[in-house]
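Let the hints inform the model, and build the full structure from the sequences given.
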Amino acid sequence: MILLGLDTATTATVAGVLRADGSVVEVRDDPEPGVRPGHANRLLASAEEALERAGVGWEEVERLAVGVGPGSFTGLRIGIATARALAQARALPLVGVSSLEALARGAGEPPLVLAVLDARRGEAFAAAWRGGAPVLAAAALPPEALAERVRALPAPPLAVGDGAVRFRGPLEAAGALVPPDQDGVHRLRAEHVCRLGAAGKPTDRDALLPDYLREPDAVPRPR
Amino acid sequence: MILALETSCDDTCAAVVTRAGEIRANVISSQGVHDRYGGVVPEIASRHHLELVNTVVDDALARAGASLDDVELVAVTQGPGLVGALLVGVATAKGLAAARRLPLAPVDHLQGHVAATYLEPEPMEPPFLCLLASGGHTLLARVTEPGAYEVLGRTLDDAAGEAFDKGARLLGLPYPGGPALSKLAEAGDASAFDFPTAARVTGLDFSFAGLKTALLYAVRDLGEEETRRRAADLAASYEHAIVEGLILRVERALVAEPGARLALGGGVAANARLRERAAGLGVELKVPPSELCTDNAAMIASAARWVEPLPFPDYLGLDAYATRRAA
Ligand SMILES: [Zn+2]
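So the sequence lines, in the order shown, correspond to chains D and W.
Just so you know, we're using this note's numbering here: the first sequence kicks off at 96 and counts up by one.
Just so you know, we're using this note's numbering here: the second sequence kicks off at -4 and counts up by one.
These are calculated hints, taken from the structure and not from any lab test.
Honestly, I wouldn't trust all of these hints.
Derived contacts from chain W toward chain D, CB cut-off under 10 Å, selection only [stated by the list, open to error]: (1) Arg42; (2) Glu46; (3) Leu68; (4) Ala93; (5) Ala315; (6) Thr318.
Note that beta-carbon positions come from the ideal geometry of N, C-alpha and C, so glycine has one too.
And the structure:
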């Protein structure tokens, strides 16, 4: 299957093309620390560049996959709006992929993997898998609660993602193994968005929405 | 045909318009969910735009009896507005255009309001003066050519629509307050209270902050019961002051440019009293129908006709902007 995969859940802008031979061409933009994510400027250009490098034309693309988060609200909306528009323009099936699961897939096959993204406001988005089966459902957690969940896991996990780097202290104290900060394992890869997308089931375009995991900050006015 | 999207605030809009300015479809999906928050909540607006945007596009194409194959140009509001909301429209427009190798026209929202004037039937062509008043903007512009306008005056504080909403809140009316306040004003005496029109602000700039404060004091001095009893008079006087504040600047501009023609735009242009006053100025007047005065995508398509379209792939990196860049 030839598939175009996108993800904007993290600060990175990630696009990739799964080719008929099973290989994946990735084009990504990882902003330097403190630099604003380039989702709005980079995503569509990266997708077109990935198609071009993969030698794939739009008429050959059979499916689209997009990371639904959790992650930054605006980033997720750019990714999903882009994917939905491309699906609409080309009448293509569309699959939503958990960005945490795509991140976890990049960790190889440890017995237990914990994917952790920096959710800002001092919190983490986290989920864990054992042999591909979920053992901790995605949740937004402050570091103390995250450490508690890690201690409750059946074995010490390998923790990956920018959130694993950010919360290295509490995670290691709770028994998790966190690879060095610069290890590429902390980055969400297009390859895993594409492979999860190829294995997943297409969803209704308009039902494909971000996995926000958080309510908007708004309180109804008392009447 | 031009397919246009507009998502700068809380309405998810798509339209199909011909190059000649004939509207084939103009779909506006008002979110309505913001009323209980007493104002537009940006994050909620953005979430709803994403839910609605593709169906609104489908709907516009279907109503136009067209398909994406008939679209030669995609247009989208690039700003100003709520950035998170704008980005949903911009990402969608870019994706639709890129996957079909169509050109894309980024449109300034205010230029869109001006360009509502050029839509069929009965378009008004430049030169004219244009009063734009809504919940988000209030300005008086001189339009000398279709693709551009020169700002003669703008609000120094609140937008006129914002003044309506804030006044309505002080009178205990539900959001959005403009229509509710105008309805209440129908039964009131506009001369009952003497509210300020910021006449001392010289030139063509607007100001509504003093008016809002004056209403606040009036409500406080009257007390709860008396405020309720005289609500219609308060509403009528308040509305009168907003309308006179707007008209005063138009009159000043007309002194400098006698014989100039006038167009109204923005949500406040739906206000009956403003329309009456503008009609009484003795100049040629154009007020587009209400659905073209409030935010809509037909006006964005109209404005796109005078924008140099970006060919593929020049727009792939296009971003939204919150505030108007230096012209
Ligand atoms: Zn507007």
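Structure versus earlier hints, numbers of those that do not hold, lowest first: 3 and 6
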